[in-house]
Amino acid sequence: MSTRKVFSLVFIRKTVEILLGFKKRGFGKDKWNGFGGKVEPGESIFQGAVRELKEECGLSAQKLKKVGILEFEFEGDEVLLEVHVFETYEYCGKIIESEEMRPKWYNLKDIPFKKMWPDDEYWFPYMLRGELFRGYFLYRGQDLILKYNIETMEELPALDRIS
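Residue numbers (the numbering used here): 405 to 567.
Hint data in this document are derived by calculation from the structure and do not stem from the laboratory.
When the alpha-carbon atoms are kept at most 20 angstroms apart in a straight line, the in silico PhoX-like pairs for lysine-lysine are as follows:
{"id": "1", "residue 1": "Lys-418", "residue 2": "Lys-467"}
{"id": "2", "residue 1": "Lys-442", "residue 2": "Lys-458"}
{"id": "3", "residue 1": "Lys-458", "residue 2": "Lys-428"}
Sequences are here, hints too, so could you generate the full structure?
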């Protein structure tokens, strides 16, 4: 029986740019990613996403669009990671570097996939095309994908509270 942990992942967008953060410590260290993390007990996934975005890069976004759900398993680990992916073009605040993340704008043509999680190359195109998606990835370590599946969705499940 596996345990499920719920996470948020937020991408700040402009027409031809995306804000990524370089992870300076912890899980995913030295990789570029969106902003997010574990949803805390009593918090909705949306609330967790807003909080993590503010903590990691200083921006506030009240209007987030849920674009995908990703599930990750790591070989030999009982924990299933459920990641709710959001994007927004509407945000306020000043971008700051936090202890955890160093933000940087990238042109959509120059996304540094080779310095990101390997799965990003598979599902980012769905997000960038504006398609809703659901994906599953099984990893060996943090660099080898053993199997995966991605499908487009007509709609995504509603946001739920985490107990």
